[in-house]
Amino acid sequence: MHNLTLAQQLQALAAGEFSSVELTQHYIKRIESHQDSLNAFITFTPELALEEAKKADQRTADKPLLNGIPLALKDIFCTQGVKTSCGSKMLDNFIAPYDATVVTKLKQAGAVSLGKTNMDEFGMGSSSESSYYGDVKNPWDLSRVPGGSSGGSAAAVAARLATASMGTDTGGSIRQPAAFCGITGLKPTYGRVSRYGMIAYASSLDQGGPFGVSALDCAYLLQAIAGHDAKDSTSVDQPVDEYTTSINDDIRGLRIGLPEEFFDEGLDADIRAKIDNACDQLRELGCVIKPISLPNAKLAIAAYYVIAPAECSSNLSRFDGVRFGYRCEDPVDLADLYSRSRSEAFGAEVKRRIMVGAYALSAGYYDAYYLRAQKIRRLISEDYQKAFAEVDVVLSPTTPTTAFKTHEKVDDPITMYLSDIYTIGVNLAGLPGISIPVGFSQQLPVGMQMVSTYFAEDTLLRIAHQFQQHTDWHLQTPAEFE
Amino acid sequence: MNWEVVIGLEIHVQLNTQSKIFSSATTAYGADANTQACAVDLGLPGVLPVLNKMAVRKAVQFGIAVNAEIAAESVFSRKNYFYPDLPKGYQISQFELPIVGKGELSIDLEEGGSKVIGITRAHLEEDAGKSLHEDFAGMTGIDLNRSGTPLLEIVSEPEMSSAKEAVAYMRKIHSIVRYLEISDGNMQEGSFRCDANVSVRPVGEAALGTRTEIKNLNSFRFIERAINHEVERQIEVIEAGGRIVQETRLYDADDDSTRPMRSKEEANDYRYFPDPDLLPVAIDEALLAEVRAEMPEMPYVRAQRYQDSYGLTLEDAQQLTTSQAIAAYFDAVVKVVPKSAKLITNWVCGDLAAKLKQENLSMAQSLVNAEAMTQLIQRIADGTISGKIAKDVFQAMWTSKASADDIIQQQGLQQISDVGELEALVAQVVEDNPKQVEQYLSGKDKVFGFFVGKLMQMTKGKANPQQVTDLLKAKLVRD
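Chain order of the listed sequences is A and B. Start counting the first sequence at 12; every next residue gets the next number (the numbering used here). Start counting the second sequence at 318; every next residue gets the next number (the numbering used here).
Simulated from the structure, these hints should not be mistaken for lab results. Some clues are possibly wrong.
Counterexamples of contact, computed for chain A against chain B with all Cβ distances above 10 Å [unchecked claim]:
| hint | residue |
| --- | --- |
| 1 | Ala26 |
| 2 | Glu340 |
| 3 | Ser373 |
The following residues of chain B were derived to be distant from chain A, with all beta-carbon distances above 10 Å [as the list claims (entries may be wrong)]:
| hint | residue |
| --- | --- |
| 4 | Glu321 |
| 5 | Asn397 |
| 6 | Phe399 |
| 7 | Ile561 |
| 8 | Asp586 |
| 9 | Arg588 |
| 10 | Asp648 |
| 11 | Gly778 |
With a straight-line cut-off of 20 Å between C-alpha atoms, the simulated SDA-like cross-links for lysine to any residue are [to be verified]:
| hint | chain 1 | residue 1 | chain 2 | residue 2 |
| --- | --- | --- | --- | --- |
| 12 | A | Lys242 | B | Leu368 |
| 13 | B | Lys396 | A | Ile425 |
| 14 | A | Lys242 | B | Thr334 |
Think of the CB as a built atom: it goes at the ideal place given N, C-alpha and C, for glycine as much as any other residue.
Given only the sequences and the hints, what does the whole structure look like? Please build it.
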């Protein structure tokens, strides 16, 4: 059952080949046998999942879009009555009293939640090693990282512990782990999916999105979660396309641009070769490939590491030990309560970003750091807009390397930050991006990123889907998890 | 040395929206602690603010009322600091781009004349919760009911030169927000609070002196006293060769003094930056026109009209224009009996106001409406009843909701103005009281009241008092 895609499972469920309870039970067993080796879940909720599966099976008429499909949710989405930790000791005792809009929509779509997946603490990291709940392992090589911050969600799908999953992407946190784990991951346009109930890291960059085996699977999830939400002022009131239908539309004549800045000597030769092969495939499918330029792309990481920490320094102020979450023992006074609660409960990377961000916003430095970073952000957006005057999609590798070894970069944050070099600009510009598997380099998956203009998720899904109709990279599974 | 005082005020006005500025929780005052705070007000992980459009409208109304520039686009920023009653660790406020820009306001000076005070800006922000330091034996309780209540912070230019001017300005702002019905202005409940920036400088000096900020001024009396105290303190310090420290001082009403709260030098760096959860507030021409069209005639314009059209005094006109409801009530009555404007004023600001206050009702809830009041005024004006009887009629109208005419009819309260009837009564009084007649005729003027009283007693107060006086005077002629 677990080797079927979401789309295939829906057909099988409809045909009565198996029930949602059977499917859910199957995944529960898989999670039980693989949790120890992968550590993909923080909270596993088999009883709740079976209840939801039962309800799904009872629905006869008007079955909702994802009826009975077992999913995993990144532990950044608030789930009523279920622990929502964000990978942090700070929220180890936090049971959310409400559902995130994304969670509500998935429930309405009939999906079954298997549990909450492991992640970098508060979404800050590229390796899922900064979690209070321990490292997540890459199903393709357990000595390697799955990427981050949505590493648990990516690993869960790659190891077929869930049909599909939900992640969030602030600087590449869906696309990079999708690439490292050999699956498909979509970061929608900023404002396409409600952020309500998604614990904020960097509010102007955060966006929730799906992981699936295939682009079509991602289309199903996006269909369910997209749309305007009155509870999120930054969500955009724009009609939601029929992604699962438009995915079959012709891609012939679509123009694909390769930014020369992303294909320089820094790129691994083997990865480059895989991307070239994928481009050949797209050419065969009728796409036009041409070089373009994103002249300010190299500034993206610097700008991101001012803006994201600045916002996070403010967003994480609410974790003060007063109303919820971790509180230090026996505080002597208010200052002690604040400083010990926060220093005892936040991990090193979170503290680093809070300090960097507070510094960037402080009097006398605001103009030099925050405002300048915002200017760069505008330049990067403009680069993309110029590119979209010439092409429909901007294509590049998702990451400069394949999955690296666990702990290899923990003590070298700058190198870790550089692993997001191709993905970060997309968040700064607020654009949608997808990562799909395009081959293997030394038995490790290689991901390819495509970026389109605002709200053109349909274009990305179409190209990815039709590429996947002619390749089978996305259907490969790691040997230990077949 | 002669000193000049410079005062600027920051007034926090709580806007009377139904729900909070960024959540749908109610803003009603006085509920049990933490029962009116939803997930957004509690700053739970994952929640997001959504701007209350009514708060924006009310801010625009204020801006129009003080002839201010209304920003086509204003921006909410985060003011970051830690405090237990600030759930998010930041307050959503407006910093660089406030919704209301430069405006002005004319205040009436005590010594006569008026003075224009500049308004620097007014911006929207959310209120914090309350820290309760009592009742918890060594601990602090947090009540977040107030968290997220909409505030309009109105900042003046430092253009007031006495505590009295500051009070006049504050009263004017108070009357405007009450009149516009954008705030209940209740100072006891904290709906209208003021911080004063005070400095002194030698007369003729152009540069401003070092200022202190006095917080916690929640009554007109306190603000005047607090400013005067602070001015005296500053002058004393400087004249003794000292230096004023820029700091925030807290006014303590109990011992009528100010004391330092925190020094500005060591104050927080608030690390303001635009709130990424909220879009800029766009106010287009259409919205502006809509709000303009809804604006009531402003109280000072209306008061001037009352003086010009009805010959009312400034004081009367101001009393009538303290609220739209009072002015509308007056307008409805005076429209029918314009010649009785003064009489109407006395009734509206006198018996009616007293009754409403006594029963804790608003003008809209009055049991005697403008139409009923009009009839009562007409009966006084045409002499059907005396002013004194009118008070009884009014009381009866209030309790029975019957019309003035019905009550006068049923209770036979028509004034006796028939000369023949009154003459007979006068003759009888004179005949029955020879002793008093003698006293009066021998020069005791006070005794005249006795005769009037007797007559009123006999007629149960219905005798026309003017006629009674005239007839008595004619009858009791001293030789």
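Evaluation of the provided hints:
Listed as outside the interface, Ala26 of chain A is consistent with that label: its C-beta sits roughly 38 Å from the nearest C-beta of chain B, beyond the 10 Å cut-off. Once the 10 Å rule is applied to beta carbons, Glu340 of chain A is consistent with being away from chain B; the minimum gap is 15 Å. With a closest Cβ-Cβ approach of about 5 Å to chain B, Ser373 of chain A is found to fall inside the 10 Å limit, against its non-interface label. Every beta carbon of chain A lies more than 10 Å from that of Glu321 of chain B, the smallest distance being close to 31 Å; the non-interface claim holds.
With a cut of 10 Å on Cβ distances, Asn397 of chain B falls inside the contact zone with chain A, its closest approach being about 5 Å. Annotated as non-interface, Phe399 of chain B brings its C-beta within 10 Å of a C-beta of chain A; the closest such distance is 6 Å. The claim that Ile561 of chain B lies off the interface holds: its Cβ sits roughly 23 Å from the closest Cβ of chain A, which is beyond the 10 Å cut-off. With a minimum CB-CB distance of about 5 Å to chain A, Asp586 of chain B fails to clear the 10 Å threshold, and the non-interface call is violated.
Against chain A, the non-interface label of Arg588 of chain B is violated: not every CB pair exceeds 10 Å, the least being about 4 Å. Listed as a non-interface residue, Asp648 of chain B keeps its Cβ farther than 10 Å from every Cβ of chain A; the least gap is roughly 41 Å. With a least CB separation of 65 Å from chain A, Gly778 of chain B remains clear of the 10 Å interface cut-off, as annotated. About 10 Å separates the Cα atoms of Lys242 of chain A and Leu368 of chain B, which keeps this hinted pair within 20 Å; it holds.
Distance check on the hinted pair: Lys396 of chain B and Ile425 of chain A sit about 30 Å apart at the alpha-carbon level, beyond 20 Å; violated. Taken as a hint, the Lys242 of chain A and Thr334 of chain B pair is honoured in the structure, with Cα atoms around 19 Å apart against an allowance of 20 Å.
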